Amino acid sequence: MSPPLRAALMVTCLGDMFYPEVGVKIVRLLRRLGVAVEFPSGQTCCGLPLFNSGYHREAAAIARRTVALFRDSEHVVVPSGSCAWMVKHEYPGLVGEPGARREAEALARRTHELSQFLVNVLGRTRFRSETPGRITYHDSCHLLRGLHEASAPRTLLGHLEGAEFVELPGSDECCGFGGSFAVRLPEVSTAVLDKKLANAEASGAGCLVACDAGCLMQIRGGLARRGSRLRALHLAEILGGDV
Amino acid sequence: MREMATSFRDRAGHALRDGFLQEALTIATTKFKELRREAFEDFPEGEALRDRAREIKEATLQRLDHHLERLVESVERVGGHAHYATTSEEARRIILDIARRTGARMAVKSKSMATEEIHLNEALAEAGVTPVETDLGEYIIQLAHERPSHIIAPAIHKTKGQVAELFARELRRQVAADPEALTRIARDELREKFLRADLGITGANFAVAETGTVVLVTNEGNGRMVTSLPRVHVAVMGLEKVVPSLTDLMVFLAILAKSATGQKLSVYTTLIQGPRRAGELEGPEEFHLVLLDNGRIGQLAGPLRESLYCLRCGACLNVCPVYRQIGGHAYGHTYPGPIGILLTAMQHGIGSVKDLAHASSLCGACADACPVRIDIPKMLIELRREIDERRIAPWPERLVFALFARVVGSHVLYRLAVPIARLLQRPLVRRGTIRRLPLGFGAWTRTRDLPPVASRTFRERWRELERE
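First to last, the protein sequences are chains X and Y.
Residues in the first sequence are numbered from 126 upward in steps of one, following the working numbering.
Residues in the second sequence are numbered from 699 upward in steps of one, following the working numbering.
For the record, the hints were derived by calculation from the structure and aren't laboratory data.
Treat the hints loosely; a few may be bogus.
[Said to hold, decoys possible] The list that follows gives simulated cross-link-like pairs (lysine-lysine, DSS-like), each with its CA atoms no further than 25 Å apart: (1) Y:K858 to X:K320; (2) Y:K729 to Y:K962; (3) Y:K729 to X:K320.
Keep in mind the model is a prediction, meaning the values are calculated, not measured.
Next up, chain X with everything else stripped away, as it sits in the complex:
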């Protein structure tokens, strides 16, 4: 028997502090699939908030420490498309000298957003749904347009046993989060969110799934304030046992 696949969880700052249950679900899910899960304990944030606001020197320092922390990981699994994009897309250009760049490029190749890891690396697509009924999917911008991934999450949700997947009208439109954008221009951010929520409610789904903690913070925040019965879940929260 070949040794089990090893994967380090990059839980992200939002995942660590606000949505620890998502990380817990991922660990249990991956273990059920035979993956040995590690958690490099020095990890904090990927630096995306700094990078997107233009603080590149500071973001580069974070990138260098993150590259070092995950140096020995066989695979790195990230529950947010935006953080995965940061590592895969921006780290190599940020870290500076050629040696560091090569290491960052290697990390970029080993890093996967959760749905991509499940479908493309593990080849597992069939799971039981933790939530029965009609579900829909919001494409997070960085996963869709940054990592060009529209199909892995849909493959997983479309095959879910015990749930019915429907497309969300305007699923590819931004939810209005955008990191600091959400607090710099809260009125615009909320107006964009309102469109997303109206579409989600019109879809007839009882549950909206996303692959990004940032989008979930925004969408859940809006749903809670509206008193909506619609739930917003991370992909890991809906994937039950494999079939």
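Fit chain Y to the known structure of chain X by using the hints.
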């Protein structure tokens, strides 16, 4: 640049509360967006042509001086005059000189963002030349004393009801809020202007270096009237719009209208080569091409270089979640939307976009829709970097980010921050959620709940998870 009394955030807020604007914007941008998507769905070779167009743009910029020299030679060869304007002011002076020399009293104009950029209409009026906009949307906003709010649909912010009211007030003609009836009135009013005008002023979508051909992509036929009836034709064009050859032009024509309006081609594609020649029955006696720099050359080797690829199709506006909510006027400059932020920085410097650079969630829809795949989000981030590094960003913001960088730069500080956050949030958490943050921190919680820091973070659960 006009000084603006209000902040971008205030202007955006104002736009969000304008019910008419919201209605008009949603209808029009959604229509454009869908039509564009359908046009490319039915056009499998579109993706390769977009790549090709991008290559042509890049290759042209690499030898821009050469292509511009050839363009000037070609224009002069066919009997036209080419002028180079470094600034808006210089461009206005060139055009006013032409008007004065030819004794012009009235100028008919077809839609042109370049002439908006140089604030030509005000200058013409001051010099005693009446400017008359003849594109329907431009005509509407000229009557309303406004400025375009979209690159290709200048009156996109108005509902048909508002246009009917405007016509009743300004033209004293009562008419139903019916696009066809409204168009008929505008056509009536304009016909006589076309015949009276001495000067025809247009922009240019392209100018072909090898032939000196100026290309206008329009839908209403007014462009043809403007370039054939008056005695003198002046075309004003950003100098980056030169294309080397007619073959290259075809690549752009194949994707421009699809990106802009979803049309396979626009209704009119007008190719103009110099003034009227001996034996020709129509066309102007004089033809002038004004090549406008206005900050463009400065970005040839600058961080905004890629924005010189822009075809001005407006596709990035139609898909931008921010533009779709606030429209073009809130941006406060000639060019709105994601590309407009870059063009504003190009023309007015980094200080003019210190707020606008953040008017994007960086969702990337603009780069996706752009026919030549301009990486707009990347350049917005680049602008933000410059704003931070040159300390144009306000100091409280820089302090917050510096603190954040310190905390996430060390797992010790990061770990220490968690119990502090729990302590601070304690009085604010009600039934597992934060509904209101005090002092200046309400930007998130005015409209959205905020999750509290978990009672046990993932890190704090890992030890026992490890043993499971």
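Given the hint that K729 of chain Y pairs with K320 of chain X, test it: the Cα-Cα distance must not exceed 25 Å.
Within the cut-off at roughly 16 Å; holds.
Verify the proposed pairing of K729 of chain Y with K962 of chain Y, using a straight-line Cα cut of 25 Å.
holds (16 Å)
Need the status of pair K858 of chain Y, K320 of chain X: alpha-carbon distance at most 25 Å?
holds (24 Å)
Checked against the numbered hints given earlier, the structure satisfies every one of them.
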